[in-house]
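The chain contents come next:
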Amino acid sequence: MPEYITIEFPSRHKYLNMIDIVCGEIAEDMGLKLEIANEIAISVIEACTNALEHGNKSSPEKNIRMVIKRDPDKISIEVYDWGKGFDYKEYLQHIPDPSDIQKVRGRGIFIMKEMMDDISFELVKDRGMKVTLEKNLIKS
Amino acid sequence: MKYRTREKGGVAIIELSGKLMGGEDSSIFRGLIYDLLEKKIKNVVVDLGGLSWINSAGMGILISGYTTMRKHQGDLKLLNVSNKIKSLLYVTKLNLIFESFDNEKEAVLSYSRN
Numbered sequence: 071m072p073e074y075i076t077i078e079f080p081s082r083h084k085y086l087n088m089i090d091i092v093c094g095e096i097a098e099d100m101g102l103k104l105e106i107a108n109e110i111a112i113s114v115i116e117a118c119t120n121a122l123e124h125g126n127k128s129s130p131e132k133n134i135r136m137v138i139k140r141d142p143d144k145i146s147i148e149v150y151d152w153g154k155g156f157d158y159k160e161y162l163q164h165i166p167d168p169s170d171i172q173k174v175r176g177r178g179i180f181i182m183k184e185m186m187d188d189i190s191f192e193l194v195k196d197r198g199m200k201v202t203l204e205k206n207l208i209k210s
Numbered sequence: 008m009k010y011r012t013r014e015k016g017g018v019a020i021i022e023l024s025g026k027l028m029g030g031e032d033s034s035i036f037r038g039l040i041y042d043l044l045e046k047k048i049k050n051v052v053v054d055l056g057g058l059s060w061i062n063s064a065g066m067g068i069l070i071s072g073y074t075t076m077r078k079h080q081g082d083l084k085l086l087n088v089s090n091k092i093k094s095l096l097y098v099t100k101l102n103l104i105f106e107s108f109d110n111e112k113e114a115v116l117s118y119s120r121n
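Note that the protein sequences, when read in sequence, are chains A and B. In the working numbering, each residue carries its 1-based index in the first sequence increased by 70. In the working numbering, each residue carries its 1-based index in the second sequence increased by 7.
Misleading hints may appear alongside valid ones.
To be verified - In silico contact screen, one side only, chain A against chain B (beta carbon under 10 Å); selected entries:
hint: 1; residue: C118
hint: 2; residue: E160
hint: 3; residue: H164
hint: 4; residue: V174
hint: 5; residue: G178
Stated by the list, open to error - Label-pair distances were calculated between CB atoms; the ranges are:
hint: 6; chain 1: A; residue 1: P130; chain 2: B; residue 2: K9; range: 21 to 29 Å
hint: 7; chain 1: B; residue 1: S59; chain 2: A; residue 2: V137; range: 18 to 26 Å
hint: 8; chain 1: B; residue 1: T74; chain 2: A; residue 2: K139; range: 39 to 47 Å
hint: 9; chain 1: B; residue 1: S89; chain 2: A; residue 2: S128; range: 22 to 30 Å
hint: 10; chain 1: B; residue 1: I35; chain 2: A; residue 2: P130; range: 14 to 22 Å
hint: 11; chain 1: A; residue 1: D141; chain 2: B; residue 2: H79; range: 47 to 55 Å
hint: 12; chain 1: B; residue 1: G16; chain 2: A; residue 2: R82; range: 33 to 41 Å
hint: 13; chain 1: A; residue 1: D141; chain 2: B; residue 2: G38; range: 18 to 26 Å
hint: 14; chain 1: A; residue 1: K159; chain 2: B; residue 2: S119; range: 46 to 54 Å
hint: 15; chain 1: B; residue 1: H79; chain 2: A; residue 2: K173; range: 19 to 27 Å
hint: 16; chain 1: B; residue 1: K46; chain 2: A; residue 2: Q163; range: 40 to 48 Å
The hints are simulated quantities; they were obtained by calculation from the structure and are not laboratory data. Glycine residues also receive a C-beta, built at the ideal position from the N, C-alpha and C atoms.
Sequences are here, hints too, so could you generate the full structure?
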């Protein structure tokens with residue numbers, strides 16, 4: 071039976087630290103290797119940063135909802151915002167080179183793709199964007 | 008993000024602590040960089056040892072500082088990069104851009120070798 075953990079928080083940068091702590095606690099509870107735990111935490115923070123800045127346009131009255139699903143062999147995290155979404159199919163085909171120093175921003179999705187086993191986007195009607203991150207687990 | 012700046016051998020050392028994640032951190036760090044340029048200091052070492060974490064927006068802040076210093080014939084190097092931050096630098100290949108050190112003395116001396 072998978073376990074679900076749901077967290078909802080206002081679009082303020084200060085709450086991203088809470089997400090890091092939650093991810094760390096869950097990873098420790100699941101006995102994950104530090105490297106795997108870091109990859110999950112980094113990716114979830116990137117997804118939440120995108121939801122905060124791009125989806126919710128940093129409006130504190132708009133919440134970000136995060137649903138963590140714990141399975142014995144997999145962890146998946148859904149991050150919801152209230153934005154209009156973006157053309158992710160187009161974006162995924164032309165992800166900018168992350169080492170291009172002319173670009174100050176735009177590395178978040180690349181990082182998530184590299185660090186997680188699967189990433190998907192869905193525009194949810196009457197809601198906003200949903201990003202789903204999945205990581206297959208290797209126990210330490 | 009919290010910070011402390013000091014100077015050693017003509018090199019500015021910016022010690023960062025807390026979280027580096029965009030938002031107001033970006034304008035604060037930009038202000039620090041331009042303050043140094045006004046003082047004619049172009050060589051910078053950013054000590055990341057006190058950072059608990061950084062996201063891609065925070066990396067953008069460092070990139071912005073790096074490109075600004077390079078445009079002024081200076082440089083920005085990193086000190087005390089944690090494994091978590093190293094993994095971000097490697098995955099984005101920015102480890103090839105930023106010179107990084109584990110020792111402050113070596114980081115400062117590296118500028119006299121240039």
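Hints, verified against the model:
| no. | hint | in the structure |
| --- | --- | --- |
| 1 | C118 | holds, 9 Å |
| 2 | E160 | violated, 20 Å |
| 3 | H164 | violated, 17 Å |
| 4 | V174 | holds, 4 Å |
| 5 | G178 | holds, 5 Å |
| 6 | A/P130 / B/K9: 21 to 29 Å | holds, 22 Å |
| 7 | B/S59 / A/V137: 18 to 26 Å | holds, 25 Å |
| 8 | B/T74 / A/K139: 39 to 47 Å | holds, 40 Å |
| 9 | B/S89 / A/S128: 22 to 30 Å | holds, 27 Å |
| 10 | B/I35 / A/P130: 14 to 22 Å | holds, 20 Å |
| 11 | A/D141 / B/H79: 47 to 55 Å | holds, 52 Å |
| 12 | B/G16 / A/R82: 33 to 41 Å | holds, 40 Å |
| 13 | A/D141 / B/G38: 18 to 26 Å | violated, 46 Å |
| 14 | A/K159 / B/S119: 46 to 54 Å | holds, 51 Å |
| 15 | B/H79 / A/K173: 19 to 27 Å | holds, 20 Å |
| 16 | B/K46 / A/Q163: 40 to 48 Å | holds, 46 Å |
Hint check: violations occur at hints 2, 3 and 13; the rest are consistent with the structure.
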